[in-house]
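Following the hints, position chain B against chain A.
Sequence order for the protein chains is A and B. Number 65 in our numbering belongs to position 65 of the first sequence; there are no gaps in the numbering. So our numbering is basically just the index in the second sequence, starting at one, shifted up by 273.
Hints are computed from structural coordinates only; laboratory data are not their basis. Hints are supplied without guarantee of correctness; some may be wrong.
[What the hints assert, rightly or not] No more than 27 Å apart at the CA atoms, straight line, and that leaves these computed lysine-lysine pairs for DSS-like: (1) A:Lys-119 / B:Lys-413; (2) A:Lys-32 / B:Lys-334; (3) A:Lys-27 / B:Lys-334; (4) A:Lys-32 / A:Lys-22.
[Unchecked claim] Rough simulated footprint, nothing fancy, chain A against chain B, three-plus residues with beta-carbon under 8 Å: (5) 286-295; (6) 372-383; (7) 408-415.
Positions of the beta carbon are idealized from the N, C-alpha and C atoms, including for glycine.
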Amino acid sequence: MTDIKQTLSTAFEDEPPLGIDKATILKDGRRKATFRRGYTAAAVLATVTAVAVPALLWSGAGGGSGGGQLQAAAGQSTTPAPPLTTEAPVTSTSASTPETTFTTKPGSSNAPSSYEQPKPPKPVTPGRATELGALLAASGTIPADARGQVIPQDPMDPWTFRISNANAYLSFTDVTTAAGRGAVLLHLYPGDAACEAHDTTCRQETYGGRTVAVSSQEHNGITLVTVRTATPDGAVMSAQTSNSSDKGTSNGTPPPLTWEQLAKIATHPGFTF
Amino acid sequence: MERDREFGEFVDARALVMRRTAYLLCGDWHRAEDLVQTALTKLYVAWPRVRRDSVDAYARKVLVRAAIDEGRRGFRSRETVVDAVPDTPVSPTVPADLDVRRALAMLPQGQRTVVVLRYWEDLSVTETARLLGRTEGTVKSQAAKGLAALRELLGRHVFEEQR
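For reference, chain A alone in the conformation it holds in the complex (with noise of 0.2 Å):
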C-alpha cells in the first residue's frame, strides 16, 4: 500500500457496520427495469406513428394534396378495400418472414415489456404440449435408468411438456441416473440452434446425423451442459442438464446425463411445433 494510501484509509478507523439493504436495492432495481422497458416501449411505438401515420396518409392515393389524401383516407371511397374476412388465426409457414411478437419477458413481472420474441413456426397449444410429452414418451431417448421426479420449485409431471411464454414448449425434470442427480430442462422454441458468440465453452458435434451445438459450462460448482440442434420446422430443440435441482445449489454429483445422451433426447425427429 503507498503511503497515502494507508493515509486515506485512516479515514476509516470509526467505520459503522454496513447498512446496505440488499432487498430494497432488488426491489427499487426491479422497478426501475420494469419502467425503462415500458418507456422503451412506448418510445419504440410513438416513433412508430410519428413515421407510419404520415406515411400512411401522404400515399397510396396517385399523388396531389395531403388535403384530397386526407379526404380519400377517411372516405374510402376512390379506392376499393380489400374484402374484410373473419377466417381463423393464419398458420405461419415455414416459408414465411419470421415475425415477432410483444410478450411479458420470461422472470418479469406481469407488466407489459419491450421484450420482443421470435413468432413459433406453429401457434402454440395445450393439445401439442400434451402430444411432445406423450412423444418423448414412446421415443426411447430417456436413458433406462434415468428416475424423474417433480422439482419442487417449478412443480409439473416428470417428462412431460407445458407452453412457455406462449411461444415455445417446456420440460423440467429432476432426474437421477447412476452417474448423478439434476435437471433436466427440454425446451422447444423458435431461435436459433448455433452457438452463441459468448459462449466460448461451445462447440459444433454431430449426432446421429445431425449437427448439434455442445456447450458446457461451470459456475459456483453448478456444471450446465446444453445441446442444442435446429428441428425440421426450423425451431430449436435444446436438451439441458446440471448437477443442481433448484438452480443455484450443487447436488454434490455430475450431472445425471450426458451430452451424448441429450443428444440422443435433442434430436428426435419428433420435436417439432
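Relative to the frame of chain A, chain B by itself:
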C-alpha cells in the same frame, strides 16, 4: 432468478469497498451508503448489458457519477465542509483519521474526486480522465494540486507521489 443471484453475490462482495470510496468522496457514512444504494440500483438495471469482466469499473463509474450529481443538486450544502479549519485546536493525540477527513473535506470537489480515484482506487491518469470526462492534463493538474493541498493541510510529509 439468475440475474438476482449474480447481482446479490456482487453486492455481498463489493458493497463495503464501494461504501469506502463513496465515503472518501462525500465524507459522511450515511450519505456514502445512500450513494452506494443509488449506484447499485442503477447497476441492477444495467446488469444484463454489463460485461462480467468490467462490472467493477462500471460500478465505480456509476458511483462516482452519483456522487458528482448529488453534489450538483445541492446536497453539498448539507456536508460539514468548512471554509477554514475550526478554531478548536487539534490535540497532538487526535488520531490521524480526523486530519485526513478534514483535509479531504477542504479540497475542491474536483481535486478530491481525482485524488480518491487516483490514489485510493489506483486508477491511471487516463482511466481517471475517461471516467470523469476530463482531459488527462486536467487530471494531472488536479491530482498535483490536491496532493499539495493535503500535504499542507496535514502539515506533514506523508505522501510520496507514486505516479
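For a C-alpha distance cap of 27 Å, please report whether Lys-119 (chain A) and Lys-413 (chain B) respect it. Judged against 27 Å, a Cα distance of about 55 Å means the pair is violated.
Distance restraint between Lys-32 (chain A) and Lys-22 (chain A), which requires alpha-carbon spacing of 27 Å or less: Holds, at about 15 Å.
Lys-27 (chain A) paired with Lys-334 (chain B) [C-alpha distance capped at 27 Å]: holds, 22 Å
How does the coverage statement for the segment 408-415 of chain B fare against chain A, requiring three or more residues with Cβ below 8 Å from a Cβ of that chain? With 0 residues closer than 8 Å to chain A, the segment 408-415 of chain B misses the three-residue bar; violated.
With a Cβ-Cβ cutoff of 8 Å, does the segment 372-383 of chain B contain at least three residues near chain A? Since three or more residues must qualify, the claim that chain A covers the segment 372-383 of chain B holds, with 3 doing so at under 8 Å.
For the segment 286-295 of chain B, does the count of residues with a C-beta closer than 8 Å to a C-beta of chain A reach 3? Satisfied; 4 residues make the cut.
Does the alpha-carbon distance linking Lys-32 (chain A) and Lys-334 (chain B) stay inside the 27 Å limit? Holds: Lys-32 (chain A) and Lys-334 (chain B) sit about 19 Å apart, inside 27 Å.
Hints 1, 7, counting from the list given before, are not met by this structure.
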